[in-house]
Amino acid sequence: MFYRENGQFKSTYASDQQMLPILQDRAFMLGLLVLAIGAAPFVVSDYVFLSLLIPFLILALAAIGLNLLVGYCGQISIGHAAFMAVGAYAAYNLALRIPQLNFLVVLVLSGLIAAAVGILFGVPSLRIKGLYLAVATLAAQFFMDWLFARVKWFTNYSSSGSVSTAPIEMFGWTVDTPAEKYLFLLGVLIVLTLVAKNLVRSHIGREWMAMRDMDVAAEVIGIRPVYAKLTAFAVSAFYCGIAGALWGFVHLGAWEPLAFNLTVSLNLLFMIIIGGMGSLLGSFFGAAFIVALPIILDQVPLWLGVPISTAMASHLASMIFGALIVFFLVVEPHGLARLWAIGKEKLRLWPFPH
Amino acid sequence: MKKHLPVLTLGAVLLIGLALPLATGASPAGFYVEVLLGGLMAGVLYSLVALGFALIFKASGVFNFAQGAMVLFAALSVARLAEQMPLWVAILAGTVIMVVLAWLIERLVLRPLVNQEGVALLMATLGVTYFLDGFGQTVWGSDIYKIDLGIAKEPVMILDKIFQGGILVNKEDFVAALVAAALVAGLVLFFQKTATGRALRAVADDHQAAQSIGIPLNRIWVIVWSVAGFVALVAGVIWGSQLGVQFSLSQVALKALPVVILGGFTSIAGAIVGGLVIGVGEKMAEVFLGPILVKAFDLAGGGIENWFAYVLALLFLLVRPEGLFGEKNIDRV
Amino acid sequence: MKQGAKYAVLAASFAVAAAFGSTAALAQAKKAEAPAAKGGGEQFFPVLSYRTGAYAPNGIPFANGYVDYLKLINARDGGINGVKVVFEECETGYATDKGVECYERLKGKGSTGATAFHPLSTGITFAVTDKSFADKIPIITTGYGRADSVDGTVFGWNFPLGGTYWDAADMLVQHVGKKEGGLDKLKGKKIALVYHDSPYGKEPIALLQERARMHGYELLLLPVTHPGVEQKATWLQIRQQRPDYVFLWGWGVMNSTAIKEAVATGYPREKMYGVWWSGAEPDVTPAGDGAKGYSSLVFFAPAGQGQVHKDMIKYVYDKGQGAGKKEEVGEVLYNRGMAAAMVTVEAVRKAQVKYGKKPLKGEEVRWGLENLSIDDAAIKKLGFTGFMTPVSTSCVNHAGEAQATIHSWDGKKWNVQPGVYHADNSIIKPMIRSSAEKYAAEKKLTKRDCAKEAG
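Residue numbers (the numbering used here), protein chains in the order written: chain L, 267 to 620; chain F, 20 to 352; chain A, 325 to 779.
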């Protein structure tokens with residue numbers, strides 16, 4: 267009754283092609299943005315910023331990156347944390363060796379470097395696909411792990427292999443309080459999400475989806491697989507590179523090569539599976555889910571007054587995680603985003619039964 | 020001949036690389052043989068895990084990421100049970116546990132996902148991995164546990180007439196190799212001679228055709244996963260006796276992935292050959308190539324064996340996408 | 325059925341979303357509700373531990389020792405001068421990002437915030453050090469952490485009590501020098517460092533290279549990747565290079581694997597020396613008899629039982645409150661956990677002298693940590709005789725004087741060898757100074773003025 271497009275007529279092509287054609291959707295999004303930008307910095311505690319919102323924003327960005335490759339273009343990658351590592355170390359080296367650069371420029375440059383590396387590791391996808399490609403991307407993961415641990419130049423010859431960064435400074439604004447970090451990340455995420463959404467709706471996005479659905483047929487009708495696959499890898503690595511740089515600079519502050527290991531890659535993959543492959547909204551849902559779940563699992567026993575050892579809590583988290591993944595795959599393979607879409611569909615009729 | 024040129028070139032490059040340390044005299048012959056043997060033994064261990072992968076993929080088309088977790092779970096069960104009962108009883112009990120586990124996985128995970136694409140099944144087995152990791156540690160604990168096969172751990176020097184100083188070999192490694200050989204022989208016999216084995220091969224060829232002639236698909240899958248579970252048990256016992264049984268064991272099993280890539284996902288022979296190639300390649304690269312790279316690029320230490328196996332598999336994939344013994348994939352529009 | 329299941333999942337997902345929101349809300353509420361304590365009150369001790377994963381075999385006994393000592397303080401003494409000790413564990417799995425998350429979650433808990441953090445991982449230490457300046461909470465890294473954090477003027481909140489890895493490496497070199505008959509006899513020898521490929525393992529390299537320059541031995545660096553179970557190639561290389569000594573800088577499963585591989589390749593365990601984190605029962609028992617002759621450094625606490633252990637059994641274990649098994653009381657890592665808890669408690673006690681017998685903030689506890697002087701008499705009073713070495717800190721020196729002994733495994737127990745080693749400050753102090761200056765420059769920090777702060 268309340269959520270429908272009755273009475274909303276479009277008279278221009280522009281209004282017909284907009285991202286959120288339904289008025290209620292636009293209102294909801296506006297309200298959400300107002301809350302997120304205007305209200306949250308004043309209301310939310312530091313702890314929630316640092317342990318929930320900041321990781322969520324950065325991982326959502328990385329999940330968008332991976333979703334572009336796996337969900338939209340259909341190329342499996344279980345080594346994407348490697349590109350996050352490339353972005354992080356590129357940003358570190360740029361900020362260290364060319365300190366005059368504005369941090370936003372550093373971010374974009376590190377994203378571009380990650381994109382270049384992404385193209386390099388995307389080359390095998392031209393020959394192999396499916397599970398074989400997945401294992402080939404593992405080569406990227408382990409090679410990057412090794413590269414950043416061994417080639418001393420990347421860590422500025424640090425004896426411990428660990429690097430640390432000063433708080434971000436740009437345009438005279440030092441981003442050091444949790445609320446400021448949150449706002450900065452939110453800004454970056456909004457911009458990049460808009461870019462991603464437009465990419466996906468453009469001809470590049472359609473080429474990707476064609477490659478995903480039926481790559482042989484796509485080639486037959488004239489879509490160049492080299493172009494499509496490599497751009498997918500490049501854009502995906504760009505997003506993950508920026509996410510990696512933000513993860514290192516804003517969230518961790520100091521990191522070592524192990525910070526971007528296989529576990530992170532698998533987490534990214536789970537995010538998009540649970541959130542919904544081929545859906546930008548799904549990336550957000552998945553990231554929120556993965557970030558919140560361990561904390562919920564840690565806190566719930568305390569609320570229920572049932573004390574369990576930290577080891578038990580950790581094992582329980584692992585088990586519930588695994589079980590939930592299987593559960594989601596069985597019940598709703600298209601993830602939370604599909605459930606959201608179903609919910610919206612039902613909402614169109616509510617409260618009427620049909 | 021021309022069609023096979025890339026593979027032959029790669030093979031030639033690798034063989035030259037393999038012979039180089041010996042040819043240039045950079046290392047004494049005895050040590051070279053030791054590294055070779057070490058590589059072969061490591062390869063045998065990888066093959067044991069890869070066998071499980073190949074079996075399951077062959078019969079059900081599922082890439083079982085959880086094989087490593089199964090190896091760990093089996094090893095933990097045997098190790099902990101062996102604290103209460105004689106080892107052979109523990110191994111029997113472990114086999115029962117793995118069969119039950121196989122049945123549960125087939126029932127709860129595979130059957131509901133029967134028509135999904137490969138990615139979904141892969142993710143489901145990833146979920147099973149996480150579950151087994153947590154469950155195994157909850158039930159059996161996170162400490163390091165021992166599996167004592169009663170074989171002496173001290174090395175033995177042999178062939179000291181031919182090579183100066185002799186060659187260092189380990190009895191445990193030989194036992195592992197023998198066990199692996201026996202297992203492979205047993206599996207081959209099982210597949211070729213028994214009715215169930217023939218049914219498994221039929222299912223691997225074509226699910227629908229097999230179903231149409233009356234082969235019960237679900238039961239076959241339970242059998243396959245049980246056999247894979249038993250293979251995981253053997254792998255777990257051998258690995259565990261060498262390295263100690265602890266959570267980290269499941270991550271070492273990841274190395275078996277390049278092995279199945281190299282050998283071809285559906286081939287048992289490929290798992291063996293791939294394992295040996297990867298094992299030898301890895302150890303040789305680490306011991307002989309590593310120091311060269313360290314000096315050339317001023318690296319902070321070697322450790323190239325972490326990625327060498329994957330890069331090797333990748334190179335093979337580029338020249339022969341289906342692996343050494345795998346089946347060629349033909350795509351149709 | 326499918327439809328129903330989908331509704332169920334939809335409802336469940338919204339429940340999860342609601343939980344997400346309410347977690348946030350509750351987390352805030354919990355922070356706000358902290359009551360102001362009068363008189364008695366509670367001192368909150370966060371405990372970062374790892375009871376799962378590849379490092380659990382070593383993490384579990386340490387954590388048990390730590391929390392058991394805190395329970396002992398409550399049970400036997402009624403708290404620290406009447407202020408009860410409250411603690412909460414957080415599982416880090418030795419992972420840096422989880423460690424940071426635990427740090428953030430626990431730093432504000434309790435009426436006055438966290439007392440001090442023991443990260444139990446050099447990697448986490450690196451990450452958390454940067455935050456400590458803003459949060460004003462001490463980071464105590466007994467026998468690990470950043471080697472340059474001894475300098476309290478730069479690292480105002482780090483306390484590597486008992487010694488750092490540069491001290492450890494130095495003392496090992498002194499020991500093998502002594503075995504050879506003099507440090508000059510090391511010329512031409514080969515020493516291999518088998519180390520965990522992480523900040524922990526890489527920390528001693530700088531000092532070992534410095535000593536190599538001084539004495540002319542060849543240093544062979546052999547990193548082992550996490551988790552450390554694959555060492556076949558490493559030990560093949562050792563067999564090829566035949567070093568005279570092998571220094572083991574491992575943790576968790578890596579230690580026992582190294583000893584097993586040494587057995588398998590026939591390297592004499594008598595020539596292997598582990599750092600003080602590579603010489604505990606979980607490291608040698610998996611190798612069985614093969615570990616006989618293996619030695620390692622010991623700082624603070626060797627294996628064994630003393631007066632404090634008797635108290636522990638009486639007040640904690642006999643009442644069924646023990647965190648681990650009774651047989652493990654007195655193991656190397658358990659004792660070290662106890663010692664770590666003890667120095668924290670003593671620092672609080674010292675700080676209470678200045679700030680009063682009430683729950684103290686991290687800043688106030690830091691004063692206690694900087695003015696810590698635990699001498700032999702104090703050690704005896706605490707029941708730690710034989711299981712603790714004197715600690716005396718100041719604003720400039722946050723570690724005190726490092727000293728260690730060597731103990732060897734005979735197949736059944738550890739035997740402490742005679743001879744005490746002290747780190748050679750003439751070599752180490754300049755290294756600390758230059759490294760700390762580099763850090764201060766990188767982070768644009770102003771060094772503390774100790775004289776001004778004391779005055």
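If you're looking for bench data, these hints aren't it; they were derived computationally from the structure.
A portion of the hints provided could be inaccurate.
The calculated lysine-lysine pairs, modelled on DSSO-like cross-linking and capped at a C-alpha distance of 27 Å, are [to be verified]:
#1 A:K643 to A:K685
#2 A:K682 to A:K649
#3 A:K649 to A:K408
#4 L:K395 to F:K22
#5 L:K418 to A:K768
#6 A:K762 to L:K418
#7 A:K455 to A:K422
#8 L:K418 to A:K433
#9 A:K616 to F:K190
#10 L:K418 to A:K514
#11 A:K736 to A:K634
#12 F:K165 to A:K649
#13 A:K455 to A:K768
Source: prediction; values computed, not measured.
Consistency of the hints with the structure:
Distance hint between K643 of chain A and K685 of chain A is unfulfilled; the C-alpha atoms sit about 31 Å from each other, more than 27 Å. Note on K682 of chain A and K649 of chain A: the hinted pairing is violated, with a Cα-Cα distance of about 33 Å set against a maximum of 27 Å. A C-alpha spacing of about 25 Å is found between K649 of chain A and K408 of chain A, which places the hinted pair at or below 27 Å, so the restraint holds. Distance hint between K395 of chain L and K22 of chain F is fulfilled; the C-alpha atoms sit about 21 Å from each other, no more than 27 Å.
For the given pair, K418 of chain L sits about 23 Å from K768 of chain A by alpha-carbon distance, which is consistent with the 27 Å threshold. Note on K762 of chain A and K418 of chain L: the hinted pairing holds, with a Cα-Cα distance of about 17 Å set against a maximum of 27 Å. For the proposed pair K455 of chain A and K422 of chain A, the alpha carbon gap of about 15 Å is at most 27 Å, so the pair holds. At most 27 Å may separate the alpha-carbon atoms for a hinted pair to count; K418 of chain L and K433 of chain A exceed this at roughly 39 Å.
Taking the CA atoms of K616 of chain A and K190 of chain F, the gap is about 20 Å. The hint holds against a cut of 27 Å. Proposed proximity of K418 of chain L and K514 of chain A is supported: the alpha carbons are some 24 Å apart, at most 27 Å. For the hint pairing K736 of chain A with K634 of chain A, the CA-to-CA distance comes to about 22 Å; that is within 27 Å, so the pair holds. For the hint linking K165 of chain F to K649 of chain A, the alpha-carbon distance of about 19 Å falls within 27 Å, and the restraint holds.
Taking the CA atoms of K455 of chain A and K768 of chain A, the gap is about 14 Å. The hint holds against a cut of 27 Å.
Checked against the numbered hints given earlier, the structure breaks hints 1, 2, 8 and satisfies all the rest.
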